[in-house]
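Residue numbers (the working numbering), protein chains in the order written: chain A, 1 to 277; chain B, 1 to 291.
Possibly wrong hints are sitting among the right ones.
In silico EDC-like pairs for lysine to aspartate or glutamate, Cα to Cα no more than 16 angstroms straight-line [as the list claims (entries may be wrong)]: (1) B:K205 with A:D56; (2) A:K221 with A:D34; (3) B:K190 with A:D56.
These aren't lab readings, by the way, just hints derived from the structure by calculation. As the structure is a computational prediction, the values presented were derived from the model and not from experiment.
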Amino acid sequence: MTAEPKLRLDRVSKHFGIRGSDDRFTAIEDISIDVADGEFLVLVGPSGCGKSTLLDLLGGLTTPSSGRILLDGEPITGPGLDRGIVFQQYALLPWRTAQHNIEFGLEAKGLPKRQRREIADHYLELVGLQGFGDRYPHELSGGMKQRVAIARSLAFDPEVLLMDEPFAALDAQTRESLQDELLRIWRTTGKTILFITHGIDEAVYLGQRVAVLTSRPGRVKTVVDIDIDRTSADVRSDARFREFRHHIWSQLQDEVARAQHQELEVAAPAQKETAHV
Amino acid sequence: MSSVELLAPPVAARGQVPRTAQAASRRPGALARGGRAVRATAWRVLKPSLAIGLFLLLWELAPRLGLVDKVFLPPFSVVAGAFGDLAASGELWNHASASLSRALTGFAVAIAIAIPLGVAIAWYRPVAEFVNPILELLRNTAALALLPVFVLVLGIGETSKVALVIYASTFPILLNTISGVRTVDPLLVKSALSLGLTPIRLFQKVILPAAVPTIFTGIRMAAASSILVLIAAEMVGAKAGLGYLITASQYNFQIPKMYAGIIAISLLGLVFNGILILAERRLSRWRVGPI
Chain A
1 MTAEPKLRLD RVSKHFGIRG SDDRFTAIED ISIDVADGEF LVLVGPSGCG KSTLLDLLGG
61 LTTPSSGRIL LDGEPITGPG LDRGIVFQQY ALLPWRTAQH NIEFGLEAKG LPKRQRREIA
121 DHYLELVGLQ GFGDRYPHEL SGGMKQRVAI ARSLAFDPEV LLMDEPFAAL DAQTRESLQD
181 ELLRIWRTTG KTILFITHGI DEAVYLGQRV AVLTSRPGRV KTVVDIDIDR TSADVRSDAR
241 FREFRHHIWS QLQDEVARAQ HQELEVAAPA QKETAHV
Chain B
1 MSSVELLAPP VAARGQVPRT AQAASRRPGA LARGGRAVRA TAWRVLKPSL AIGLFLLLWE
61 LAPRLGLVDK VFLPPFSVVA GAFGDLAASG ELWNHASASL SRALTGFAVA IAIAIPLGVA
121 IAWYRPVAEF VNPILELLRN TAALALLPVF VLVLGIGETS KVALVIYAST FPILLNTISG
181 VRTVDPLLVK SALSLGLTPI RLFQKVILPA AVPTIFTGIR MAAASSILVL IAAEMVGAKA
241 GLGYLITASQ YNFQIPKMYA GIIAISLLGL VFNGILILAE RRLSRWRVGP I
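Pulled out of the complex, with its shape left as it was, chain A reads as follows:
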């Protein structure tokens, strides 16, 4: 982590106006974090940590209220193919086969058909789906769909891969195998990955560093360097792993409690209103 960071969030805040009042809602506040080239950084936070807001900002779909987001030193001004987003709900186009879904971003890039095909084939193979190119998304399992989505985001060769709880909708076994796959793909491609999750195990297992976010507004509470030996067969049962897990768990615990408290506060008046109706 010498040189210039690949992705830099520099004191980024985002406020939203609340309809019918002068108050502002602060989704994220003063987030500063650097992601080095080729790093795997995990953001873990309770609900209400502003992860969707953060993702929209990184994707260039909205702009920060204050602060800057720099990719290779250049501020992000809008959506672009230098960032690839993998969504929790896959976001595959259901009328396109796996192959054509992967080609989607390449079409946006304006590549000729033959080249698109070659690249799609390559990435199908990378995510272990060779032979499934002509399947439609509804013919694939959740895990396979997410593989296609990952292949799609990698295919147009973005600088950074942004992953929004990509494995949250999968069953435990599929999730674990996809985590391993993702680590393998990360090592093969050397991509910079920013991974957002609720899962502590997932965070510790995947991340080189884990940033713990606070609840409402989202701030960076602490950043933990995960220094474990990933070569052992059952990393998750490792003493070091459990140590890190516990450390992040205790960091998160207060935030989770606070988030629940806040949610109850928000829910209570709403319930009163419905009672009138």
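Since the structure of chain A is provided, determine the placement of chain B on it from the hints.
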């Protein structure tokens, strides 16, 4: 409309058979299940024809056994004979082609108007909110109630009939296009936007394909109602067409001929709907299961 839709499932089921059978034969170990598949296929083809067969049998027997007046409801064989005569003389084709050309012209114009208009309305949300009430009002004004108006303004010729078909088919297509475009999964839009797609590309590659199934539902509803209003219009004032054939036969007390005309309309509707189902299936093969 409902009659055409009621008839849809057997057509869909029959169309379904070869596809599933093909898919099954591609998989290994399908041969063992082949016998069962053949029987299942036979039953699926037979089941809808069985009901129709029973219905025709009842039609044949009821007049012959004196359950109904033979004069008002001739046995099916007599009607089928009249149908054969009509077809042989070319008269049936004259009437059918007159109806068909009106229906298809009106239908094509309606599609050409309604889909772009619906997309435009749905695209600009304020516009959609603005025009929606008037669209609802017009849609719920039965097209046939406006028939006298159309005849008054456009005369009794072809124009008024085609215009009525256009009117009746536009609303189902328009409203379905609007809802199809507006209900596209926001995540797909977001994901496409994050790739930096231009609005035109977004529309072409995401919005339109996603809306096709909903639009097609509208097109099928429109097809059914276009035939309905056309026949009614032809009954009121025309010199050719299946609607005219039916009323003219009734006035002249050519009852078997009248029933032959009615059968021709059923068949026309059935074929129309069948073609649309095939087109729909081709365009939305990616959807889960039969529509």
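For the pair supplied as a hint, B:K190 and A:D56, is the alpha-carbon distance within the 16 angstroms limit? holds, 9 angstroms
16 angstroms Cα cutoff - pair B:K205, A:D56: violated, 22 angstroms
Checking one constraint from the list: CA of A:K221 to CA of A:D34, max 16 angstroms. Satisfied? holds, 14 angstroms
Violation of the numbered hints given earlier is confined to hint 1; every other hint is satisfied by the structure.
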